[in-house]
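**Q** Required output: the full structure, derived from the provided sequences and hints.
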Amino acid sequence: MNALLEVNDLKTYFYTADGIIPAVDGVSFKIDRGETLGIVGESGSGKSVTARSIMRLVPNPPGKIINGSILFKGENILTKKEKQMRMIRGNKIAMIFQDPMTSLNPLFTVGNQIVEAIIIHQHVSKREAIERAVEMLKLVGIPSPEKRIKDYPHQMSGGMRQRVMIAMALCCQPDLLIADEPTTALDVTIQAQILELISDIKEKFNMSVMMITHDLGVVANIADRIIVMYAGKMMEYGDVEDIFANPLHPYTKGLMESIPRISSNEKRLKSIQGTLPDLTQDFKGCRFAPRCSCAKDICHNEEPPLVQNGSRIVRCFQYLSGGDEKYGKSS
Amino acid sequence: MFNYIIKRLLQLIPVLFGVSVIVFLMIYLIPGDAAEIIGGPTATAEEVENIRVKLGLDRPMYEQYIKYISGVLRGELGYSFQTGQSVSEAIKIRYGNTFSLAVFSAIIAAIIGVGAGVIAAVKQNSWFDYLSMSVATFGISAPTFWIGLLLIVVFCVKLKWLPISGFSSQFWTKDGLTHMILPSITLGFSSAAMIARMTRSSILEIIHQDYVETARAKGLSERVVILKHALKNALIPVITVIGVNFGGLLGGAVVVESVFAINGIGRLMVQSINARDFPMVQGTVLVVATTFVIINLLTDIIYAVIDPRISYK
Ligand SMILES: Nc1ncnc2c1ncn2[C@@H]1O[C@H](COP(=O)(O)OP(=O)(O)OP(=O)(O)O)[C@@H](O)[C@H]1O
Ligand SMILES: [Mg+2]
Chain A
1 MNALLEVNDL KTYFYTADGI IPAVDGVSFK IDRGETLGIV GESGSGKSVT
51 ARSIMRLVPN PPGKIINGSI LFKGENILTK KEKQMRMIRG NKIAMIFQDP
101 MTSLNPLFTV GNQIVEAIII HQHVSKREAI ERAVEMLKLV GIPSPEKRIK
151 DYPHQMSGGM RQRVMIAMAL CCQPDLLIAD EPTTALDVTI QAQILELISD
201 IKEKFNMSVM MITHDLGVVA NIADRIIVMY AGKMMEYGDV EDIFANPLHP
251 YTKGLMESIP RISSNEKRLK SIQGTLPDLT QDFKGCRFAP RCSCAKDICH
301 NEEPPLVQNG SRIVRCFQYL SGGDEKYGKS S
Chain B
332 MFNYIIKRLL QLIPVLFGVS VIVFLMIYLI PGDAAEIIGG PTATAEEVEN
382 IRVKLGLDRP MYEQYIKYIS GVLRGELGYS FQTGQSVSEA IKIRYGNTFS
432 LAVFSAIIAA IIGVGAGVIA AVKQNSWFDY LSMSVATFGI SAPTFWIGLL
482 LIVVFCVKLK WLPISGFSSQ FWTKDGLTHM ILPSITLGFS SAAMIARMTR
532 SSILEIIHQD YVETARAKGL SERVVILKHA LKNALIPVIT VIGVNFGGLL
582 GGAVVVESVF AINGIGRLMV QSINARDFPM VQGTVLVVAT TFVIINLLTD
632 IIYAVIDPRI SYK
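Heads up: the protein sequence lines correspond to chains A and B, in order.
Following the numbering used here, the numbering of the first sequence begins with 1 at its first residue and continues without gaps.
Following the numbering used here, the numbering of the second sequence begins with 332 at its first residue and continues without gaps.
Treat the hints as calculated values from the structure; they're not laboratory data.
Be aware that one or more of the hints could be misleading.
Restricting the straight-line Cα-Cα distance to at most 30 angstroms, the calculated cross-link-like pairs of lysine-lysine (DSSO-like) are [what the hints assert, rightly or not]:
#, chain 1, residue 1, chain 2, residue 2
1, B, 338, A, 80
2, B, 563, A, 150
3, B, 559, A, 126
4, B, 563, A, 147
5, B, 338, A, 147
**A** If you want it as structure tokens, here you go:
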């Protein structure tokens, strides 16, 4: 069966006054129907830009998708006209954002904002759209939805607003839901509820989900496969159990070690030293090399290729067949 | 919302009281003795005393104020020293002229300002953006009388498209409108410029808000995203500018009235100040100040209508 979404060698660059930022630099993955893909990586690694590329919402200028293809149900999104794209956005592919406090328009009722999404994509009357909106609010667990539909966003808590965002995203029963750090701005208890809601709804509608987060803990329960991104590059890609059981890339290992564990008897939480490299400079070698404890000379001079390792893909010289000698030689 | 309006209306009372007190006290604010100044340098002591009694200046202050305010509340603003004409009658005609001029220019300024501001923001760094913002900078810095004269030279003298003067109070007729155009543009120019700049910067700021991204992600067209989601939010600070400017239009009308020979309240005010016609000065100041206060109230109400967070507690 064809994948629902297939991204091939996607490159999205930003052309800024300070230079060219390769925010997404050759990312490939696919999402099957009903699958949840987690995209993990620290701030600035290009997760949101990947999502915006799929929605074709990269701000241009300065951003531009310069390479690759994004096949959605077999059709390349990147060659679609803006008008066709609008029929996909919010309808076939919906997106929710990080901060529910700011992602709803403060001057319109939540009902208005949901109804608006229904009306542009479905040929229904306003009354039907309102009924539909009430139904959606009920589905996402908002009590007395027929009343709350008249509320303005400021009359709701953060968790409720994120539920409204989810209701809005689901109102046209999209095939794919992109959730860009949907819980980062919420309290821990609310976080769990929202994640649970997303997985419930995913089951109910047999939707695919792309879950973006910088927290590996979030994807552990909900994702089927994960991508680990670093500085615009895909570093590791594979099944979630495999990766958790046996992380291959040094960056993934670093991320794992920074998840707090109660059982651990270590006193201090490990963290990866250093920060993301400045991508506007001509960068040579592996982007993680400056922070990598196993980096060898070659890592600083040559860009490692993506290496297939069983069902796993990893971008590291260590796993290159015959790479051992290449990798070892220089040490 | 209803409660909010009631609350704001109640707050109006002390403000208007303050205004009336200040206007009333104006006669005492001029240095020296009011009666002497009114009488002029040639007046005898007896004449000055007569003036004092006639104006009631010999009575205690509170008594004078009560007399004054009860007159004001009945719409009686006294009689002109100069012509003996009823102040309220004199103001009525001229206020109508100035007010319609101000409203007309405010409407033109709002339409042009908001329109240009939105386009300049959406097409940031385009030729339209540069051109309109240069014109706006020019409009804010150029003196009103100069713009008026420039427009007269171009449209009346050279092109002969529009009449120079002869503004009539029947402004909703075709003739009235043609007389209204140049004065309104002159008066509203700097206001349109400020509104345009404010709208532009406000839209540019709002456009980066998350909810604008949400609106796009819904599949809305860029038009709806800008005109519904961004513009409504962007208008909040713009409305303040429009409101404040409207007050300024009333004040700034003096120059325009002189340039275009319009019989308005601004000119009346200047004339009566020069003539030391105190009842007329008090009357015009009171009316203009009250208009200011009411415009402020309307601005606040429009605010609350647009932004539900304001009337919500
Ligand atoms: N509008 C923009 N203009 C210029 N550069 C941008 C823009 N948006 C993103 N970038 C660049 O792209 C890089 C990746 O950004 P992105 O938002 O995808 O990171 P992220 O992984 O989502 O991080 P976070 O966890 O902070 O959301 C950033 O480092 C930034 O330099
Ligand atoms: Mg992000």
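**Q** For each hint given before, does the structure comply? Return the numbers of the non-compliant ones in rising order.
**A** 1
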